[in-house]
Amino acid sequence: MTKKRIFKTSIVLLLLLLTSLSIAACGGSDTGSGPKTVTVMTWETVDTNKLIDQALAEFMKQNPDIKVERVPSPNSDYGQKLSSLVLAKKLPDIFWAGNDTEQQYGAQGLLYDWSSQAQQSSSDFDINKFAPNSLTNWKTSDKLYGLPTLMNTYGIWYNEDLFKQAGLPLPKSGWTYDEMLHDAQVLTQKDGGKVSRYGLWNTPDDPFQTNNCAVSAGGASFEDKLLSPSSVNASPEFLNCAKMFATAVQNGSVTPPGYNVDSAQDSFVAGKIPMLYNGQWLAAGFLQSKPGFKYGFAPLPQVKQNVQLYDAVGIASPTYVKNPDATWKVMQFLASKAWETVLPGSPVAPAAYVPSSAPYFDTLKKDDLSSVSDSVNYILNTPDKVGIRFVAPWSSKATDVITANWNDILLGKKPLESGTQQMVQQLNDVIKSNQ
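Each residue of the sequence shown is one higher than the one before, counting from 5 in the working numbering.
Read the hints as simulated data drawn from the structure, not as lab findings. Treat the hints with caution; some may be incorrect.
Derived CB-CB ranges, DEER-like [claimed, not checked]:
hint, residue 1, residue 2, range
1, 403, 295, 42 to 52 Å
2, 164, 262, 47 to 57 Å
3, 326, 276, 27 to 37 Å
4, 328, 90, 51 to 61 Å
5, 326, 266, 33 to 43 Å
6, 289, 417, 11 to 21 Å
7, 415, 79, 25 to 35 Å
Where is the CB? At the ideal position from N, CA and C, for every residue including glycine.
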């Protein structure tokens, strides 16, 4: 063999070796000789992640051609980690996302479109069995950038013992905003004119929750549509609801804007908070803490009609997902069957995929939390829902506008009506500049 031919042969062998090493570096098991690897990143707690790992282990037993690897991620800094992975173009194949994040990333062309896969339902996964509106709000035009997994609900946690001591009826479905704020005033304690115990913590008084009150009173919604609104508006009913909350803030019966509520969950467990506005997910922590008093959970109040807040979280994938078919199998599992393993041990929220919600409700009832189960079910089945935040690519800019105005309005540092209208104008300017 000539030197020239030996040289050419060596070059070919070297190129083949480099190609093999490159494939191995990207996951050599994905070449067809072994299971396809799918990476997953969650924002869940250590305990919930353990249950997710158990569910995924069972999935891999049933699907030996797929290997699922969960990427560690601290839930407290999840948003920051997600942003850094976006910039580095190193997002995992599947990652936890809020509806707003999914819409934002989808509009920026960062997410994989699962529309064609979603049209192929099976006996194990029927795309038509998601909770009302949950899947619709994860779509953009004809594109589906992910799947909703859990439905968050919001309401009032209450200390039943403190209500009975005060001679007040317990909160329940259909109670009113007047009743809630009256109860807050009765349950508030003051010492020398200074509040020693607020009747209601973490007041549901930001513009979106105020909107819940306004629409319940028959007013026009603060935002004209839930996904990428084209305008906002402060109706007379919205202003009336804002006045109601401002009065409660200024008379000291509810925690004021900016009040540090980091200790709210622990303080509630300690029996120091009569009412706490928050989500149903606190039930999992309360079951572990075991407060020494009876407690319950009620839906948000109403004025004339029942209106509740909409908030779904879910999963999405980047455009550069390596194995779409394998990833879609894992997506379906994480949106449905996985929660049947997770929720009995960590009842954080009902599954958006309705058939997989039963273990959540069964667990709450078994643990004597029927008020939570009944209220969550009531909220989920409420047909009229309003958004809990802006779901649009420009949402962070709009949030800055609200932060700069709303707290001062409730505290009486800015005129309520003119200050609200000024905020509305600024928000519409943000929307217009981003259309």
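Quick rundown of the hints versus the structure:
no., hint, result
1, 403 / 295: 42 to 52 Å, "violated (33 Å)"
2, 164 / 262: 47 to 57 Å, "violated (29 Å)"
3, 326 / 276: 27 to 37 Å, "violated (51 Å)"
4, 328 / 90: 51 to 61 Å, "violated (19 Å)"
5, 326 / 266: 33 to 43 Å, "holds (40 Å)"
6, 289 / 417: 11 to 21 Å, "violated (35 Å)"
7, 415 / 79: 25 to 35 Å, "holds (32 Å)"
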